[in-house]
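Engineer: Next come the chains, spelled out residue by residue.
Protein chains: 2
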Amino acid sequence: MKLTILGCHAATPRWDASPTAQILQVKGHTFLIDCGEGTQVQLRRHKIKFSRIKHIFISHLHGDHFFGLVGLVSTFRLLGREADLHIYGPKGIKEAITLQLKLGKSWTDYDLYFHELESLETEILFEDENISVSTIPLKHRIYTNGFIFKEKESERTLDINAVEAANVSMSYYSKIKQGHDVVNEDGVLIDNKKITLDPPKPKSYAYCSDTAYNPAMISKIASATALYHETTFLELHKDLAEKTKHSTAKEAATIAKNAAVEILILGHYSGRYQDLNAFKLEAEEIFTNVLLAKDGKVFEF
Amino acid sequence: MKLTILGCHAATPRWDASPTAQILQVKGHTFLIDCGEGTQVQLRRHKIKFSRIKHIFISHLHGDHFFGLVGLVSTFRLLGREADLHIYGPKGIKEAITLQLKLGKSWTDYDLYFHELESLETEILFEDENISVSTIPLKHRIYTNGFIFKEKESERTLDINAVEAANVSMSYYSKIKQGHDVVNEDGVLIDNKKITLDPPKPKSYAYCSDTAYNPAMISKIASATALYHETTFLELHKDLAEKTKHSTAKEAATIAKNAAVEILILGHYSGRYQDLNAFKLEAEEIFTNVLLAKDGKVFEF
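Quick note, the sequences are listed as chains S and Y, same order.
For the first sequence, my numbering begins at 1 and goes up steadily by one.
For the second sequence, my numbering begins at 1001 and goes up steadily by one.
FYI, nobody ran anything at the bench for these hints, they're computed from the structure.
Positions of the beta carbon are idealized from the N, C-alpha and C atoms, including for glycine.
Each statement offered as a hint is correct.
Listing some non-contacts, in silico: residues in chain Y with all C-beta distances to chain S over 10 Å: (1) 1132; (2) 1139; (3) 1170; (4) 1179; (5) 1212; (6) 1222; (7) 1239; (8) 1243; (9) 1300.
The following label-pair restraints were derived from C-beta to C-beta distances: (10) S/278 - Y/1054: 34 to 44 Å; (11) Y/1105 - S/275: 26 to 36 Å; (12) S/278 - Y/1288: 51 to 61 Å.
All chains should be built: construct the whole structure from the sequences, respecting the hints.
Structural biologist: Structure (structure tokens):
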């Protein structure tokens, strides 16, 4: 999985810092997650091909997470896009985007599908043979979802020497890869584990922004390969975090620890902090593997 | 008058070129004209104080002229703005902005006034003792207005030596500055012109974007100090200009010449042209005083 941070700063765009947007590239997909103002410029800057984006996931309808969406949708049209585009986001997103396109008499030539969300339970938004994308209900001032992108378990790998030694007919190979025990040419039942190797562990990426401290998400993100968790504030401003339903670095790290994820990526920093390393230091008191998101940074896991 | 170009490129934002927005500073006002995506970042970059902006004029509801408005309105709120804000633009603009604020439950704390336009005739949008702002109906694919900012004629300046020599009572000085002839202490009628000097010629700035070639605007902008006229295309692509209701550099220059303006500023260049100087050269075949807009450029006139 390759995660490109297009923006990771809270609230207002600054000339040197962009609001939230990120690209997750996995199994041939290029998923866009959130779309703050200026996302189309950040996509250009970081050389992400517009035509590869077919699914956009919007966490919530605060401006720093979606004001760039209508511009991107319009630009796709100007570039002559033909491929369908799917947008997943809170109820109301369709009206907000379509109203603006209608006012400009610039309806898209490509097919635009809105998948409006209002459930408070986890739902699967997208699924194919390789991957699934589901919501993670979050706790914020307005209706908000995180998203978890999960690779599916691959087939088992044939241990070709063991298979040949076990005298199994080649016609069974595909059944074996699916994990079945099979009977060999001598009529003996062969234990699948003895003739196959474990496939690579499926990876998963959980995106949780914006949210107050919310232990209810732990079961949804348990053992994720990487967790991006917002940390708008430091513990020093815990009162503000509570008031605005955001999290501190310590709270993000507590979630990461209790969900036993492998990597914690912090982001969505309030503009009040000059030294972002303070977020890392605060989180590292609770959890070891902490990375800081930064505009333009790429994480591979 | 001081004009700062925040963006002057057509259609989609690029990492090195912004869509339309400009700031006109005149007689203590800071007027924002159009507001493409990323305008708030450009305002920061060019150190324009957000709190000074009290009037925003939107020409039309194509994205490259207004997709930055909702973000700016939201940022004003986050910065604790208290002053009123007036937005002038085509009917529909209020619904587009307020719907998005409502979805984010982030209504402004300051008073936001929308002045929705639908007239096909010139109207005065704003007026005080120093300046007036009126619409210039334009010809584009959707309802569009240009704007003309006109300084008012100042009072006449007393020619103090002449006034004293004419033996006029000081109690008449304010009448004299207003241009009246007065009777002096000896009962003689004194011609105003003989005891006053002409005030400086009032300046005016006309903004015309987006528009097809439209001679109907000439009477509205006659003798303007400066005219910003769109030139999306060169004559080479006159067919595209006609099809999309934009202008060529030659057409912009023809308008400038026939309106006898002092300066023509070109902008709203299509992304297809690498060398912007071609616009200047084409316009200079018709009109002498041609300047090219460029992101960040400041014009004083």
